[in-house]
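Trainee: For reference, the chains in residue letters:
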Amino acid sequence: MNRLFDSILPWGKALCWAVLVALLALGVAQAAGDDALSRISPVGMVQVEGEPPIEMPVAVEEEVVEPMVAPRPTRADYPNIGVSSRAIVWVLAQLHLFFAALVLAVPLFVLTIELLGVFTGDERYDSMAHEFMKISLTGFSITAIFGGSLALALFLLYPDFMAYMTHVFGAQLMVYAGLFFLESFFLYTYYYGWNAFRYGNLKWVHLTLGLLLNAAGMTIMVVSNSWATFMMAPSGVNEVGAVIGNIWEVMKGPLWNPINLHRFIANIAFGGAVVGAYAAFKFLSTNDPEKRAHYDWMGYTSNFIAILAFLPLPFAGYWLMAEIYAYSQQMGITAMGGILAWLFIVQAVLIGTILLAGNFYLWAGMSRTDGSERYKGLIKFIAFVLVVCFLIWVTPHTLILSASEIALLGGSHHHILGPLGIMPAKNVAVNLMLVVTFLSFQLYRRSDKVATVSWAPMGNALMVAIYVVAIANIIFLGVYYGYFTNTVYKVGSSVAQVASTLVVIVAGIVIDTLMFKNAKTLPSHWGRIPDRSQYALFALPIAFTWLMGLMGYVRSSVKTHWHVYTVMKDNSPDNFIPTIGYAGNMITIVTVLFLLCVLFMFWVANLSGTRQSKPIAVVEGGVA
Amino acid sequence: MGNRMQEQKSSITTTLLAAVISFVFVLALFYGLDHLVMSMQGLPLNADLSPAG
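Chains A and B are the protein sequences, given in the same order.
Under the working numbering, think of the first position of the first sequence as 471, with each following residue one higher.
Under the working numbering, think of the first position of the second sequence as 117, with each following residue one higher.
Covered stretches of chain A, as calculated for chain B (at least 3 residues, CB under 8 Å): (1) 927-936; (2) 969-975.
Label pairs and their in silico Cβ distance ranges: (3) M156/B x L869/A: 34 to 40 Å; (4) N665/A x E123/B: 57 to 63 Å; (5) T131/B x V693/A: 53 to 59 Å.
Rather than coming from a laboratory, the hints here were simulated on the basis of the structure.
Don't be surprised by glycine CBs; every beta carbon is placed ideally from N, CA and C.
Start from the sequences, fold in the hints, and give me the full structure.
Mentor: Structure representation (structure tokens):
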């Protein structure tokens, strides 16, 4: 064995040396090779004399696409057509929005009324729902006309801004266009299929069409809302406007859902008010008792929808303003503490008009039943609360005064009325107005019923206690936290006030539903209502339209001199907040134009039911 | 006559009792509501409803 090792060992040593030397040589060669490569590169591309030079391969680098930032247009980039571009867009956008609100809202409550007809088996609901659709049908075309005109005006007058918006929203715009096709399909099948799908299982097909129509309409609304909220509070883009998120991140900005909710509720209230005016117009223009009864009922239903939707609207508006403040305090102050603050006083006047008109209509409607005598004594107290709260709401905080007027007043604020100009007083006033409006509504609903349940006295006592304690609580929260604690508690107490008002509304609906189940019903005489009550139904849509125009202007103006807030500046000649007088005139012009279009819409709806009698041919000497 | 008066008296008592019970119940409800809504916003209140924060 040892001999074997002895004989192998020299060979092994020699092999080890050989491997070592080979590795060393390989390493040296590698090192030398690297060096040579770097010196004679490219390897194998040797130019032969007399041959054309070899093209060196160029390293292909991946192209880095810079994201498009928001344009910075100069004054010269805005086409000048001789009249204010903003005024043109203002009128078209507002008219489009008015009609869009109407045609999105009407199918919502039409579907509800139709469903009510199915559950109650009362065909009158079905006929009324059909008539509501008939009124709004022309509105769909008018909405599309104004929408198309608005798009053209925007592309023509604000090309850079529209280029940026189409870049940011991209394919979503095609989805929006597709939704129009869907909505049109469901609209026409829903309306023209009304009588074809009237009974049995086909009725459910019809209801499904209505549901899909509303789904398409609602999606259109929330998609277009995202454009408006992107302009106010951009998301999904960086500080220079370059898109850094996907379309969902661009859409779901901080103001998107508050606007969605606010517009959804406001549209229903607005739609109810407009069709109510149609019912009033038809009621006043006929002497046929049957028709008067029908249109009285239609007017009542419209008012019911408008007021019921209107009650939670201030809370949705409050949420929107709170989110605006949370997003940008400067923006919030521009709206409620700066030049636009005065428009909130005008808003108070308009909301006061709506509530007074709505209440007046309910009180006048009580005359339809003899049972209303039980509650008429309360009307004067409700009216008193409404008027006092209305006056508190319209009291301004800061007056525009001359030096002599300030001296006469003893300061810039009146010593008694001054405290009524700030939010705590207005919060008390708004909540109390809503509570007593609900009381009017509840009394109206009760006036043709007599409760038969054994616990009715307890139910009434509970309801009275809820009203008394809720009113006391609203006043306490407003006065104590509003004037005697710090700002945080002042703001927080307004939420508790809203909760108190909602408790009244919810408790009222629950108690009345249970208490008047199987109640004795007193006869209602539809059509037995004073003519003057119908003018309240005219006042409602006028005030609603004006209010929407006014607050829409405020919402848009808080961006001040930005197309897209903090991202894309507005350098057009109209990049400033106009005077209150100018804005007031613009809003009034748009309101009047809308009302004229609505009259046209009513006329067209009326025309479809008119049939010309066949002319009798007259010949010489007598009738042929 | 006596029975009728007795009935009326009993009815008034029942109504008054219903009113008092309802009032106390609703008062407690709104007191709790104020505490709940304010504390949910991180604004605690003392038992006398003054700010505790």
